[in-house]
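Please construct the entire structure, taking both the sequences and the accompanying hints into account.
Chains as they are written, first to last, in this note's numbering: chain A, 1 to 352; chain B, 1 to 352; chain C, 1 to 352; chain D, 1 to 352.
Everything labelled a hint here was simulated from the structure, so no lab data went into it. Note that beta-carbon positions come from the ideal geometry of N, C-alpha and C, so glycine has one too. Careful: at least some of the hints might be erroneous.
[To be verified] No more than 25 Å apart at the CA atoms, straight line, and that leaves these computed lysine-lysine pairs for BS3-like:
1. D:K192 <-> D:K120
2. C:K9 <-> C:K68
3. D:K192 <-> B:K192
4. C:K192 <-> A:K192
5. A:K192 <-> A:K120
6. C:K192 <-> C:K120
[Claimed, not checked] Which chain B residues face chain D? A few, computed with CB under 10 Å, are given here:
7. Y18
8. A92
9. G185
10. S187
11. E194
12. V195
13. L198
14. Y199
15. A200
16. E201
17. S203
18. I244
19. K263
20. L264
What follows is each chain in one-letter form.
Protein chains: 4
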Amino acid sequence: MNTMNKTIKVGIVGGTGYTGVELLRILSRHPHAELHAVTSRQEAGLPVSTMFPSLRGQVALSFTDPEKSPLTGCDVVFFATPNAVAMSQAGALVANGTRVIDLSADFRIRDVAEWERWYKAKHASPELVAEAVYGLPEVNRERIRTARVLANPGCYPTAVQLGLLPLVESGAVDVEHLIADAKSGVSGAGRKAEVHILYAEASENFSAYGMAGHRHWPEIRQGLAVAAGRDVGLVFIPHLTPMIRGIFATLYARVNREIDFQKLFEDRYRDEPFVDVMPPGSQPDTRSVRAANLCRLAVHRPQEGSARSDTLVVLSVIDNLVKGAAGQAVQNMNIMFGLPETAGLEHVPVVP
Amino acid sequence: MNTMNKTIKVGIVGGTGYTGVELLRILSRHPHAELHAVTSRQEAGLPVSTMFPSLRGQVALSFTDPEKSPLTGCDVVFFATPNAVAMSQAGALVANGTRVIDLSADFRIRDVAEWERWYKAKHASPELVAEAVYGLPEVNRERIRTARVLANPGCYPTAVQLGLLPLVESGAVDVEHLIADAKSGVSGAGRKAEVHILYAEASENFSAYGMAGHRHWPEIRQGLAVAAGRDVGLVFIPHLTPMIRGIFATLYARVNREIDFQKLFEDRYRDEPFVDVMPPGSQPDTRSVRAANLCRLAVHRPQEGSARSDTLVVLSVIDNLVKGAAGQAVQNMNIMFGLPETAGLEHVPVVP
Amino acid sequence: MNTMNKTIKVGIVGGTGYTGVELLRILSRHPHAELHAVTSRQEAGLPVSTMFPSLRGQVALSFTDPEKSPLTGCDVVFFATPNAVAMSQAGALVANGTRVIDLSADFRIRDVAEWERWYKAKHASPELVAEAVYGLPEVNRERIRTARVLANPGCYPTAVQLGLLPLVESGAVDVEHLIADAKSGVSGAGRKAEVHILYAEASENFSAYGMAGHRHWPEIRQGLAVAAGRDVGLVFIPHLTPMIRGIFATLYARVNREIDFQKLFEDRYRDEPFVDVMPPGSQPDTRSVRAANLCRLAVHRPQEGSARSDTLVVLSVIDNLVKGAAGQAVQNMNIMFGLPETAGLEHVPVVP
Amino acid sequence: MNTMNKTIKVGIVGGTGYTGVELLRILSRHPHAELHAVTSRQEAGLPVSTMFPSLRGQVALSFTDPEKSPLTGCDVVFFATPNAVAMSQAGALVANGTRVIDLSADFRIRDVAEWERWYKAKHASPELVAEAVYGLPEVNRERIRTARVLANPGCYPTAVQLGLLPLVESGAVDVEHLIADAKSGVSGAGRKAEVHILYAEASENFSAYGMAGHRHWPEIRQGLAVAAGRDVGLVFIPHLTPMIRGIFATLYARVNREIDFQKLFEDRYRDEPFVDVMPPGSQPDTRSVRAANLCRLAVHRPQEGSARSDTLVVLSVIDNLVKGAAGQAVQNMNIMFGLPETAGLEHVPVVP
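Here is the structure:
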């Protein structure tokens with residue numbers, strides 16, 4: 001295959017957070033990627049491996065000032081930045097022929113007014129929003145191939161959508177009353193100096209948060225609405241659980257029409273390299289996907305009263321930093337550049 | 001008050017597990033309790049404080065052989081034993097005038113056949129089941145006062161019932177489709193040598209379990225059915241979360257009739273010393289009740305689609321070993337013996 | 001006893017950190033303390049129990065602006081502030097007859113020049129340093145009774161000094177080559193928004209820090225030097241271990257002269273209410289003192305080569321927030337005001 | 001290179017523990033290894049990926065009964081068994097031309113009488129002990145190439161020896177008074193149903209153990225004695241720290257002769273692919289090697305009294321399951337079969 005000798009020149013903007021270091025972990029061993037530049041205004045000059053000693057011997061680059069950095073020579077630039085950064089810089093890159101994969105939320109919501117409401121900022125490039133492709137390969141694989149701007153999905157939206165899509169597409173459940181009870185490890189909150197995610201606050205503790213409305217809620221609803229061909233109703237309750245990595249989504253849907261739901265899921269994801277529909281009765285745990293680009297799903301039909309319940313329960317697990325962020329971003333890169341979709345993503349989950 | 005000089009002679013059967021050591025922590029400082037005997041066949045002769053150095057200087061007793069132990073001289077005996085132990089021993093104690101508080105499940109389910117189905121054993125004293133009082137003070141306070149056999153509720157059943165009771169009693173929600181998404185710390189599984197609760201298995205991991213049916217499900221349904229005056233439908237999904245103590249229950253109910261749900265909860269629990277209805281918008285966490293005999297509740301009405309959802313979300317937190325076990329048992333003892341209900345239970349939660 | 005009706009009027013400056021909330025946990029149930037004011041410039045007006053829901057129902061006060069706060073009416077004021085705050089405010093309080101217990105480091109180091117070197121600040125009241133009493137009751141009990149300014153020891157210094165004092169006082173070990181390998185839970189770093197103590201940084205990780213010199217090193221050496229009657233040599237290596245509370249100090253000393261070291265420790269601490277010398281062969285763990293005002297010690301003599309080692313190993317555990325901070329501060333208050341030394345400090349350690 | 005097409009037929013005995021699943025994680029992606037059989041008497045017939053869902057899609061084998069299993073067809077068999085298993089089975093395999101890599105302790109101690117004293121068993125094949133090669137590649141690389149029986153080092157011995165060897169070899173420190181204060185994650189205790197390593201026991205807790213003598217002590221002393229050319233004195237205190245993976249060893253040695261110790265370490269390990277001597281002033285943490293076959297070392301010279309200390313402190317970190325077990329075993333396999341030493345071992349540490 002000619003892909004075997006292909007090398008993609010990669011830039012990363014904002015490599016100092018958790019999605020950044022995870023991109024570096026994956027890309028530093030990717031057979032077809034060459035790290036060209038990692039930018040950070042604050043850390044310019046610092047060797048990447050000084051900030052992240054785990055990368056000693058793996059990444060020889062230093063952080064460079066984004067002002068001076070030759071990102072335009074890259075084939076692709078990943079934005080692992082806070083929200084509202086990529087939207088200002090993507091345009092120039094795309095104009096120069098560099099493709100953009102944005103791990104932040106700037107291009108995820110198609111309705112710019114709704115984005116502005118949730119992200120409390122004026123959007124800097126609505127025209128790129130219109131063109132951007134939502135990078136959930138299990139839904140948009142064909143459109144991803146040619147995307148110039150790729151909106152990499154959020155972590156919760158990945159876990160919840162992969163778990164609900166077959167149901168919503170099937171028309172066999174009540175799409176007006178979906179419930180997603182989601183639990184996330186603390187790395188999902190990012191590498192930010194904030195009190196509520198300190199070890200002494202988040203350890204040995206369990207909490208709900210974002211009860212007043214979480215930004216991933218409109219993103220999930222947007223994706224499900226496309227699948228349903230109509231608006232959907234979703235109660236989404238995110239929780240913080242004392243672990244570093246992992247999302248566990250417990251999804252509830254009321255059955256409208258009896259079908260073989262196990263088969264529905266197996267058929268839907270049969271050819272997907274990174275979605276694993278587990279056998280009936282399985283109870284997936286987050287460590288079974290730790291540090292790997294995988295979503296594992298299990299479909300259950302619990303008792304409810306004396307008879308079988310009309311509520312279906314789907315369990316969905318991902319590593320929020322891999323299939324929920326950096327891994328999925330590399331999967332999208334592979335698709336965009338005609339590489340084998342699994343290239344550089346063949347990590348076996350780390351257990352225990 | 002005459003209670004001030006009252007001293008209750010207390011025995012504990014099975015003091016080597018987590019509910020046992022928690023009982024000892026509480027009772028050793030209880031102003032009206034005197035520890036008389038702690039039995040353990042396996043550990044007979046061993047000072048309690050050798051097994052649990054945290055009790056050095058607090059508990060001078062050694063474990064005694066239950067065969068030889070003068071439990072009949074006690075005013076009350078707590079069973080902190082595995083299931084199917086108390087049912088064989090409670091009868092003789094009660095016949096001798098000793099009251100029994102059972103922290104196991106032997107007397108919780110009124111329908112003996114159902115108990116036998118879930119606990120896979122023949123019940124040894126169905127007649128005591130008939131007489132036993134279910135020890136949720138917020139429901140059964142009056143009957144608890146005179147109970148000879150007290151069935152102390154399970155941890156999940158405490159958190160879930162306290163969170164759902166006001167709704168079910170109000171008739172304002174659909175009791176056929178209740179959902180309890182519950183998360184427990186690992187101590188809930190007990191102090192048993194089992195692989196799945198090893199540190200290296202349960203840490204940095206999140207899982208669901210008991211999907212095929214959990215023993216607390218019939219217990220919760222029984223309590224809610226009494227409150228509803230009819231059978232209820234409940235999907236109950238327990239999860240294991242990497243922390244030692246704490247239960248977090250996220251409870252979902254569909255609203256049938258609009259009422260002021262915040263006020264409903266505040267009115268229901270106004271006089272309860274150990275239930276705290278938090279202000280609107282609160283997001284309780286499990287550490288806010290750590291090591292204390294408290295249930296904190298918050299009532300939420302999230303968005304579901306474009307409009308306000310018809311799904312109500314109640315968050316309920318307890319320490320599974322305190323309000324979910326040993327603390328509630330002592331609360332019941334206080335009620336049974338006419339002591340101030342809060343005696344010995346005034347611990348301030350340990351944060352951080 | 002006349003102490004039974006004594007009530008001490010207490011003020012807390014800086015109640016928003018971990019030593020602050022721990023002081024509040026202890027003092028809110030103290031039989032002879034009345035919380036009069038808790039100040040915080042930043043949080044003025046906020047109910048204390050809104051910031052710390054664990055204190056709902058226990059602490060009715062709101063934070064008050066230190067400028068306007070009537071601290072001068074207090075019998076005692078605790079400073080649970082960052083370093084270099086108490087030194088500017090203690091003077092005025094003392095002048096008005098209010099006694100000061102400083103949980104920060106401002107008054108711990110008697111050599112002001114050395115303090116200024118380690119804390120990188122000009123000391124604001126050297127004259128109070130001269131007068132201040134170092135609050136390790138096991139050493140200075142008599143002087144504490146009359147102290148106007150009490151310097152509450154650091155967490156590491158408490159664990160290390162209590163473990164080494166009997167040895168150093170005995171003259172039976174080489175005081176020029178002491179080693180303290182100390183491990184602390186993350187709460188020891190305080191409730192500060194800093195990246196290195198985030199959950200996702202500090203969990204599932206173990207590290208040394210402060211290799212270039214830790215501020216507790218001169219404090220420990222000062223205390224040991226007093227005990228030795230000469231300068232001592234100490235290598236002190238602090239480590240961060242993934243737990244919230246607890247210090248574990250492994251202390252190494254070379255034996256000069258053979259004596260009965262177990263007996264030495266037992267004799268030294270026989271009458272101490274908060275120091276527990278465990279039996280020979282004991283292996284204390286930090287949870288055995290969790291949330292309690294206790295130091296547990298074990299003395300070991302391991303093999304080193306083929307023969308018995310000439311190195312003695314002492315294991316010392318405390319809860320850094322209790323005996324290492326707030327609990328010891330309250331113990332000092334009890335001594336200062338002629339209360340029973342254990343008043344309000346009779347918590348049983350929380351296990352598991 | 002001709003190695004590029006070489007494939008090694010691999011068997012694993014006892015693949016149900018942590019070193020077993022870690023071997024499977026590594027070997028399933030090894031470019032030159034083919035998993036031929038994984039045996040377990042208890043789990044015979046069970047698909048490996050049913051026990052370890054993390055291996056779904058990676059390992060197609062089922063566990064086989066060791067009695068019936070064609071291990072003799074393998075090029076190499078790894079024993080990931082409890083102690084005292086490999087010693088009975090290695091002989092037959094070796095006689096058939098299969099090479100043995102033993103991850104247990106059966107062949108580590110050359111003095112059979114000493115082995116029997118520490119492991120409380122009669123050794124079944126002393127003659128193989130005599131022949132076995134101790135598999136620390138940084139010491140024995142040449143002898144490993146031709147080994148028929150390879151004794152894979154223990155986790156603590158790997159971390160401690162790599163940290164002390166340059167010092168001991170240099171003759172510049174006092175080898176009679178070495179101290180190794182070592183901290184291990186809980187997976188080091190294995191996947192055994194034992195109470196003391198339950199989550200609720202080991203989490204939020206720190207303890208020392210093995211104070212009466214740990215089996216790794218004679219192993220470490222044996223290795224250091226070879227390097228020193230004489231007997232060495234070592235105090236070794238192992239501790240349990242609440243994390244899954246990782247060993248952190250803090251090593252203390254008294255300097256006899258001043259040399260450039262940083263240079264000593266850099267020179268000693270310059271060509272080692274899996275030992276990283278960090279720059280002066282570095283403070284390695286265990287996560288910097290998580291899930292990777294690496295040992296990182298830092299050399300420090302702390303203050304002790306007013307002057308520079310004569311005590312040297314070396315910090316050594318490994319992942320106990322990788323460089324401390326399965327990874328080092330594969331490194332040894334690579335050496336034994338003339339493969340590139342880093343084949344299959346190029347994992348980047350997983351951070352966070």
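Evaluated hints:
Only pairs whose Cα atoms come within 25 Å are accepted, and D:K192 paired with D:K120 is accepted, the gap being roughly 19 Å. As the CA atoms of C:K9 and C:K68 are separated by approximately 17 Å, the hinted pair is consistent with the 25 Å bound. For a cut-off of 25 Å, the pair hint linking D:K192 to B:K192 stands: about 12 Å separates their Cα positions. For the given pair, C:K192 sits about 12 Å from A:K192 by alpha-carbon distance, which is consistent with the 25 Å threshold.
With a C-alpha separation of about 19 Å, the suggested pairing of A:K192 with A:K120 holds against the 25 Å cut-off. As the CA atoms of C:K192 and C:K120 are separated by approximately 19 Å, the hinted pair is consistent with the 25 Å bound. Taking 10 Å as the C-beta cut-off, the interface hint given for B:Y18 holds, the closest approach to chain D being about 7 Å. Because the beta carbon of B:A92 sits about 31 Å from the nearest beta carbon in chain D, more than 10 Å, this interface hint is broken.
Contact between B:G185 and chain D, as hinted, is supported at the beta carbon level, the nearest pair being about 8 Å apart and thus within 10 Å. Using the Cβ-Cβ criterion of 10 Å, the hint placing B:S187 at the interface with chain D is satisfied: the shortest such distance is roughly 4 Å. The closest approach between the C-beta of B:E194 and any C-beta of chain D is roughly 6 Å, which is under the 10 Å cut-off, so the hint is satisfied. For B:V195, the interface hint holds, since its Cβ comes within 10 Å of a Cβ in chain D; the closest pair sits about 5 Å apart.
Annotation: B:L198 was flagged as interfacial toward chain D, and the flag holds, the nearest CB pair being 6 Å apart, inside 10 Å. Hint status for B:Y199 relative to chain D: holds, with the closest Cβ pair at about 4 Å, below 10 Å. Below 10 Å, beta-carbon pairs count as interface contacts, and B:A200 has one with chain D at about 4 Å; its hint therefore holds. Here the hint on B:E201 is kept, as its CB sits about 8 Å from the closest CB of chain D, short of 10 Å.
Hint on B:S203 holds. Least Cβ distance to chain D is approximately 6 Å, under the 10 Å limit. Evaluation of the B:I244 hint against chain D yields a held restraint, the C-beta minimum of about 5 Å falling below 10 Å. Hint on B:K263 is violated. Least Cβ distance to chain D is approximately 39 Å, over the 10 Å limit. Hint status for B:L264 relative to chain D: violated, with the closest Cβ pair at about 36 Å, above 10 Å.
Violated hints for the displayed structure, listed by number in ascending order: 8, 19 and 20.
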